[in-house]
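Listed in order, the protein sequences are those of chains A and B. Every letter in the first sequence is one number past the one before it in my numbering, and letter 16, counting from 1, is 16. Every letter in the second sequence is one number past the one before it in my numbering, and letter 341, counting from 1, is 633.
None of these hints come from the bench; they were simulated from the model. Ideal Cβ placement from N, Cα and C applies to all residues, glycine included. Where hints are given, some of them may not hold.
[As the list claims (entries may be wrong)] Across the chosen pairs, the derived CB separations fall in these ranges:
1. B:Glu311 x A:Gly116: 33 to 39 Å
2. A:Gly89 x B:Val582: 19 to 25 Å
3. A:Leu5 x B:Tyr345: 42 to 48 Å
4. A:Ala78 x B:Asn505: 34 to 40 Å
5. A:Gly89 x B:Val488: 30 to 36 Å
6. B:Val582 x A:Asp123: 46 to 52 Å
7. B:Ala397 x A:Pro86: 47 to 53 Å
[Said to hold, decoys possible] Far from chain A by the CB rule (all over 10 Å, computed), these chain B residues:
8. Thr325
9. Ser419
10. Thr427
11. Met452
12. Met491
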Amino acid sequence: MDFFLQLLVNGLSIGFLYGLSAMGFVMIFKSSSVLNFAHGELIAFGAYLFLVLCSWAQLSLPLSFLLTLAGCFLLGFAVERVFLRPLIGEPLIFVIMLTVGLAAMFKGSILLVFGGNLHTYPDFLPPWLGLTWGSVSLQPVYTVTLIIGTAFLILFGLFFKFSSQGIYMRSVADNQRAALSLGVHVKRVFALSWAIAALVAGMSGIVLGIINGVNVHDLSGIGLKVFPVVILGGLDSIGGAIIGGIIIGVLEALTGGYISPSLKDVIPYIVLVFILMVKPYGLFGQVEIERV
Amino acid sequence: MKKLRFHPCGNFRERYEQELTVFETDFGRLWTTLGIVALFALVPFVASPYTLYVINTIGIVAIAAVGLNILIGYTGQISLGHGAFFGVGAYGAAVLATRWDWPLAAAVPAAGLITALVGMVFGLPSSRLKGLYLTIATLAGQFIIEYVLVHWDTVTMGTMGITLPPPSLWGWEIRGDVGFFYLIFPVFILMLWMAVNLMRTKYGRAFVAIRDNDRAAEGMGIAIFPYKLLSFAISSFYAGVAGALFAYYTVSITTEPFNLALSVEYIAMVIIGGMGNMAGAVFGAVFITVLNEILRWGTDMMMNMGIFGSMGLNMAPLREFVFGLAIVIFIIFEPRGLAEVWRIWRSSFRLWPFSY
């Protein structure tokens, strides 16, 4: 039972992290219906930027954290400006393939600069953040994840509900042409959504880097794991991303603990195929009604 | 004597058959025939062993790229699992050849059929999914197949790999690069011919209709799901045949090369070559394979000069970067790919001095 509980807690905390990583992905899909295959590389970018600022340039922690977020924000903005803006109005397959190309580019350049070795951050989280109930324990970093994730969930919820930019984003997602005709600056909405998505991705990159160390292969692998998560939750639901992440995380932990560790990495995809067959729009996604 | 056909000054087509011709002009037919003759009579004897190796690789890869083009370019279903299907073909042929001693002539088509079945299984989600969601389903297929190839030890020997027996075709021992050239290229031309002609049939037209507007196609009475499934099967069959040839050519196979990067490479070929254009897929295969070799050659040279060798630079990241860059550049500047570049270049000759 203790084993089960520990697995469950591990799964929940990893799942929450998946959900956090997936949030930025959903953000982009929600505003521009683009599947971002470069999401893992955005995560890796954040992690490496933090590595450079924090352990190589020896900046103080809060400063390097803020600078990383700012850097990611700018990267997202630049990516949209340089690569995606020329493609507005082109068929979606080109945009998706562009993100595949971007992913390869980012990964290649990160590998060229940093190599494929594992880097680690200095240990800076205070141990009192770790929680223990009986035999079940929670590492400090997962507590941080929980706090950050919840904060962002609330922040995004409020942002989409009340801020004017959030409302613009929802309107663009709902009907791009109608939003355009009502005076919404669609290009700015796209740029902003990429920037925010890169920011969230960068943050989850930092947290992932604290847990597993910084390695571009692992981090871009997370970017692919985002797919089952968002499909499970529904591609356009931010709350669904968190719930999907938790389900996938628990499933992975239980499979790894009880069946076989090697099946752990594949089980999300197997689940994904079945979910797609039964509920094509995920658990919380909006069903598209097509009219001819 | 029959009247020769040249490029008309405008669109004077009166009947549907005229739209369907493979060769618009008699010169096209002539050049193609001459090209094929030169390919078989000249290339194996002129080319150095290394060049011939590259040419053979292009031939194998082009078969798979043509298959993927049927799926992506003509049916409009993006598949991220083509690399894995290629692997299924390779393992299918290897297992048939080593366990049951099947000859090459049986193992290659059988591997294609096995792969077609696997492809259909992963095409099943297309009954309810389309566009983005289907892409993700094929991504799942890539990972699941990779897992099965590595962990189904009893059949695939896991990470050990399988070594294939030297192939022979009806008593003809296929040996060396020249021997494989005469195996690979007839198969390639046959497969290309089949693909070109497939697109002129009812099936090809149904694929294109589904690509252009699936709802309208359904309204016209095309049963979408069976056709999508058929497209998956045909495309996987091509990947399987290519994989089987690859297995025989490289002699010993492991699960290593059939990863997501390979799938992306195939998509890159289709995009860079030109979607929905048979010649385009071949152009893409040539482009990517040659790019690969140039990058390998370049990084080797840099290593030998000792400038970058000490920095631990290996070719993988640089290759990945250039691949990504090539895809991005083509999508932004020439979404219709090399085939379109070729067409513009050719017509600028034809229209000279009034080319635009």
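### Message
Please list, smallest to largest, the hint numbers that this structure does not respect.
### Response
1, 2, 3, 9 and 10
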